[in-house]
Amino acid sequence: SQELEQSPQSLIVQEGKNLTINCTSSKTLYGLYWYKQKYGEGLIFLMMLQKGGEEKSHEKITAKLDEKKQQSSLHITASQPSHAGIYLCGAEMAGSYQLTFGKGTKLSVIP
Amino acid sequence: NAGVTQTPKFQVLKTGQSMTLQCAQDMNHNSMYWYRQDPGMGLRLIYYSASEGTTDKGEVPNGYNVSRLNKREFSLRLESAAPSQTSVYFCASSFYWSGGAKEQFFGPGTRLTVL
Numbered sequence: 001s002q003e004l005e006q007s008p009q010s011l012i013v014q015e016g017k018n019l020t021i022n023c024t025s026s027k028t029l030y031g032l033y034w035y036k037q038k039y040g041e042g043l044i045f046l047m048m049l050q051k052g053g054e055e056k057s058h059e060k061i062t063a064k065l066d067e068k069k070q071q072s073s074l075h076i077t078a079s080q081p082s083h084a085g086i087y088l089c090g091a092e093m094a095g096s097y098q099l100t101f102g103k104g105t106k107l108s109v110i111p
Numbered sequence: 001n002a003g004v005t006q007t008p009k010f011q012v013l014k015t016g017q018s019m020t021l022q023c024a025q026d027m028n029h030n031s032m033y034w035y036r037q038d039p040g041m042g043l044r045l046i047y048y049s050a051s052e053g054t055t056d057k058g059e060v061p062n063g064y065n066v067s068r069l070n071k072r073e074f075s076l077r078l079e080s081a082a083p084s085q086t087s088v089y090f091c092a093s094s095f096y097w098s099g100g101a102k103e104q105f106f107g108p109g110t111r112l113t114v115l
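Chains as they are written, first to last, in the working numbering: chain H, 1 to 111; chain C, 1 to 115.
Since the hints were made in silico from the structure, they are not lab data. Some hints could be false.
[As the list claims (entries may be wrong)] Derived EDC-like pairs (lysine to aspartate or glutamate); straight-line CA-CA distance at most 20 Å:
hint	chain 1	residue 1	chain 2	residue 2
1	H	LYS103	C	GLU79
2	C	LYS57	C	GLU79
3	H	LYS56	H	ASP66
4	H	LYS64	C	GLU103
5	H	LYS51	H	GLU67
6	H	LYS36	C	ASP38
7	H	LYS69	H	GLU5
8	H	LYS27	H	GLU5
9	C	LYS102	H	GLU67
10	H	LYS36	C	GLU103
11	C	LYS57	H	GLU3
12	H	LYS38	C	ASP38
The shape of chain C in the complex, shown without the other chains (with noise of 0.2 Å):
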């Protein structure tokens, strides 16, 4: 099993250029979340899917939308990149049930510089 895949590892955008982060998990976990992390800041998180069909905002959300494409699939898009941007991103997953969250298995991160 691969765990939780992230692509690009790496990534470097103009001011106003646009992309989109794509996150992958084989461990047929119904949560996934998208997290960004920054020095002096710990792991903050952008928005989160408790399910399929269904996404929500974290404390982080403007500046990015997501896509739940499937039970394995959760996408993260910045429409018009900025240098506030510059961070690495980590995807999770987990298995999400009605008495709370279990533990995150995270990806190893993407990379991301906006000049």
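Bound conformation, chain H alone (with noise of 0.2 Å):
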């Protein structure tokens, strides 16, 4: 089974829209990052969580990490058409430094 899952698969909201996805680990997480990557560009970073209930914020894009449920969610508020793409998570996670990746969102925003 896959050790970072991430849901939606894909999201389909109307601009101004308010939108969350969700990376799911199956063992304990020491640090989740989240990426963002257009089609055919790489990934860019986008924010780095390593404490528990730690959250941060870019512009409209918020992440939080709950370490109990070794999850962390990105919220989008009021969506732009700049925000589509994919998004992914990576984390380090027990028993590996390397990152592990989930398969990723893609968002579409529609104007």
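Got two chains here, each in a separate frame; can you build the complex from them with the hints?
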């Protein structure tokens, strides 16, 4: 089974709506990283979370880490077409210093 | 700073041909990585180099070799390309310390098609 599950796999929202993407680990998390990828391009680093309960924001994107649930959520407020892309979470998990990535969530924002 | 650069951006090979993907970073990072990204599979680690002079296998190393040429450069070689190696290849770098890896910075990718 996948060690890092992202949900939903894809999301279509109307511009201006809020949305949440989840990333759940099967192992203890030591660090959680969120990236955004536009089609045909590389991954852009968004945020890193390392402590349970930690919450970070950048512009209209907020990420939280729930250590007990071994889960992170990425919340976008008042979505815009510029938010469209694939969002990937990467995690440092127990037993490995390498990042394991989820399969990504494809976000489309309809004007 | 250019960050992480990769060459080439696109490549088409015939089955059995060989090629080397080049990667360089100018952030003075000690760790470098090669991933492949396939539809429905996400990013999978092929090889990584925690520091200059060391390389280790990742999740999907078969069919690939790597060379950490110096601190800046990390190349990926396909000795005999197969259609199953059609993918988008990403190089990444980070600062690795004993407490764990830090955020990885990615190159723009190489789109490889093997016919």
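Each hint, compared with the structure:
no., hint, result
1, LYS103/H with GLU79/C, "violated (28 Å)"
2, LYS57/C with GLU79/C, "holds (16 Å)"
3, LYS56/H with ASP66/H, "holds (12 Å)"
4, LYS64/H with GLU103/C, "holds (16 Å)"
5, LYS51/H with GLU67/H, "holds (7 Å)"
6, LYS36/H with ASP38/C, "holds (16 Å)"
7, LYS69/H with GLU5/H, "holds (13 Å)"
8, LYS27/H with GLU5/H, "holds (11 Å)"
9, LYS102/C with GLU67/H, "holds (18 Å)"
10, LYS36/H with GLU103/C, "holds (13 Å)"
11, LYS57/C with GLU3/H, "holds (18 Å)"
12, LYS38/H with ASP38/C, "holds (15 Å)"
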